[in-house]
Amino acid sequence: MALRGKPLFIVLAGALFLLLAVPHPVMATQPHGDPEGIVVHQLSHVFFVFSMAILIYWLHNRKLSVQPGWREIRYAAFFLILWSTGAFIAHLLDEQLGWISVSRMDTWTMHVEPSRGGVALAWLYYIVKLDHLLCVPALFFLYRGLGRLSSQKDSGGEPDADAKREDPA
Amino acid sequence: MTITWIPIITVDVLGAILMIIFSVLAIRYAWRLNRRDPDNLVWTFLLWVCVCLAGFAISRSAGHILKQMLFVAGHGAVWAHIRPVSGSLNTLLLIIVAAVTLFFNGAWHIYQEIFSERKMLQETQSELMELNRTLENRVQERTEALLKHEKQMAQTDRLASIGQLSSGIAHEINNPLGVIQGYTQLLLRGEKPDSQKQQDLQVILKHARNCKAIVEDLLHFARRSAPEKSEINIHEVIDDVLVFIRHRAKTEKIHIETRYDEKVIPMYMDEKKIKQVLVNLVMNARHAVGDNGSITISTGYDDQERQVMVSVADDGYGIDVKDLDRIFDPFFTTKPTGEGTGLGLAVSYGIIKNHGGEIRVSSEPGKGSVFTLILPVNTAGNS
Ligand SMILES: Nc1ncnc2c1ncn2[C@@H]1O[C@H](COP(=O)(O)OP(=O)(O)O)[C@@H](O)[C@H]1O
Ligand SMILES: [Mg+2]
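Chains as they are written, first to last, in my numbering: chain A, 1 to 169; chain B, 1001 to 1383.
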């Protein structure tokens, strides 16, 4: 895994810097309320990615990720990272950078207008808007993982006993 | 780019419903794990993560569903009012999930510590219990040993005082007996053979001799005479004794078996006295088995303790538990007058003690008895 120790923090700090350094054009077609709102929301996405990444790292470090149950929980964390990143990008594109403006044509049609990057950016936006494709699998894995952990306990096995013995800490 | 809303709406609505379902199911499992093992902080942690995620999923999904419904229904403007609240709530819950997740490590460490401490406690406890048990056992062993020792001491004590008393008496009686014997013999010389008087004197002489034999036994018991030691082979001694007994007592129907341990080495002791002990033991066994039975004489050698064991076992009537303590007492006998004097074992005891050995007895009434001599191996040099 690439997320190990200090490099992780450097990446996160960089992302934060980028996020905060981005100018906030208020030229979007839709009103967004106070800019703090979106900044806080974006920060929460970054924080969320950070803690999920740490969770993956810990599970890996404790050698838990090889056990059924915890393995699925790790997948869940991974999908949650993808989802959070997607959501972050979507917010970035339409609300923060304003590179994308969306307007509803009618009930079933929408118009996606990229001010930069052309149709590719519009497609990217369209795809990241389908964020449930990432967070539903994440919760599904969480549910599966917990199910396995609880059935392991049913069969009398201590799910974390082995991992504890291997724990280097 | 103009494009249809339908995939986004469908995925949003369906996904929102699935999010709620899965997060609630996850809570159920986490709850169950937590219930089953409430001490494990890791499950508590997972439960919290699930609850927060579910809160987030519900808040967000409700927002999405409501939004899509409002737009489809043409009330898009209403959403503008709800949106800030829904969005803020989502942000808040997202932060909480992330924050709780960061506790995983802590939960893990704490649980590990609790777990190892509990294990240590359990180990210490079982160790303590084990120690306690061995202690109890030891106390019991010691108590038993002490009781046995006390009993032995009492026996030795009693035998010693009886020995002193009887040897005093024996000494006093020995001289008059000698005088009686001497004068009777003198008188006999002047009598015609087969006269009435001569026969009467013979009776007196015979009884005086019997008395002398008993007195001598008593003196033996009191260890008045020092053993005259020589190197002997115990197996030869036993064989001699058996020949002697076969001559004297009717033993045709009695099966006498010997089991000799070839490892037994020659010993330095008083042959006559050891013979006397063996005669006593075998005669007692012979009496115990009655007309037919079996007697087994076996020997053994303990190299480490440098001891020779000689045991005389019979399958006779055995010894009553109440008598076991008294059979070594002088004049203790269960036999009718004339058949037993009660001195055999007392004398044997004295002799064996004098050789630095021990006599042990074990018996089951009705089944038989075993008398065991334990003799230290003395070589000529260190006796
Ligand atoms: N082998 C034996 N089996 C049963 N009882 C025995 C045996 N040896 C000794 N005893 C008991 O011990 C008593 C004492 O024995 P001992 O001192 O030899 O005297 P005695 O043979 O003259 O009675 C006996 O009267 C008998 O009751
Ligand atoms: Mg006897």
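Treat the hints as calculated values from the structure; they're not laboratory data.
One or more of the hints may lead you astray.
Stated by the list, open to error - For lysine to any residue, the following SDA-like pairs were computed, each having C-alpha atoms within a straight-line distance of at most 20 Å:
| no. | chain 1 | residue 1 | chain 2 | residue 2 |
| --- | --- | --- | --- | --- |
| 1 | B | 1067 | A | 63 |
| 2 | B | 1067 | A | 104 |
| 3 | B | 1212 | B | 1232 |
| 4 | B | 1353 | B | 1185 |
| 5 | B | 1212 | A | 90 |
| 6 | B | 1067 | A | 37 |
| 7 | B | 1272 | B | 1219 |
| 8 | B | 1367 | B | 1272 |
| 9 | B | 1353 | B | 1157 |
| 10 | A | 63 | B | 1110 |
| 11 | B | 1263 | A | 104 |
Results of checking the hints against the structure:
The straight-line distance between the Cα atoms of residue 1067 of chain B and residue 63 of chain A is roughly 43 Å, outside the 20 Å bound, and the hint therefore fails. Pair hint residue 1067 of chain B plus residue 104 of chain A holds up; C-alpha atoms about 13 Å apart against a cutoff of 20 Å. Only pairs whose Cα atoms come within 20 Å are accepted, and residue 1212 of chain B paired with residue 1232 of chain B is rejected, the gap being roughly 28 Å. Proposed proximity of residue 1353 of chain B and residue 1185 of chain B is contradicted: the alpha carbons are some 37 Å apart, above 20 Å.
At roughly 129 Å between alpha-carbon atoms, residue 1212 of chain B and residue 90 of chain A are farther apart than 20 Å, so this suggested pair is violated. At roughly 19 Å between alpha-carbon atoms, residue 1067 of chain B and residue 37 of chain A fall within 20 Å of each other, so this suggested pair holds. Pair hint residue 1272 of chain B plus residue 1219 of chain B holds up; C-alpha atoms about 15 Å apart against a cutoff of 20 Å. As the CA atoms of residue 1367 of chain B and residue 1272 of chain B are separated by approximately 31 Å, the hinted pair breaks the 20 Å bound.
For the proposed pair residue 1353 of chain B and residue 1157 of chain B, the alpha carbon gap of about 13 Å is at most 20 Å, so the pair holds. In summary, the hint linking residue 63 of chain A to residue 1110 of chain B is supported, as the alpha carbons are separated by about 17 Å, within the 20 Å threshold. Pair hint residue 1263 of chain B plus residue 104 of chain A does not hold up; C-alpha atoms about 113 Å apart against a cutoff of 20 Å.
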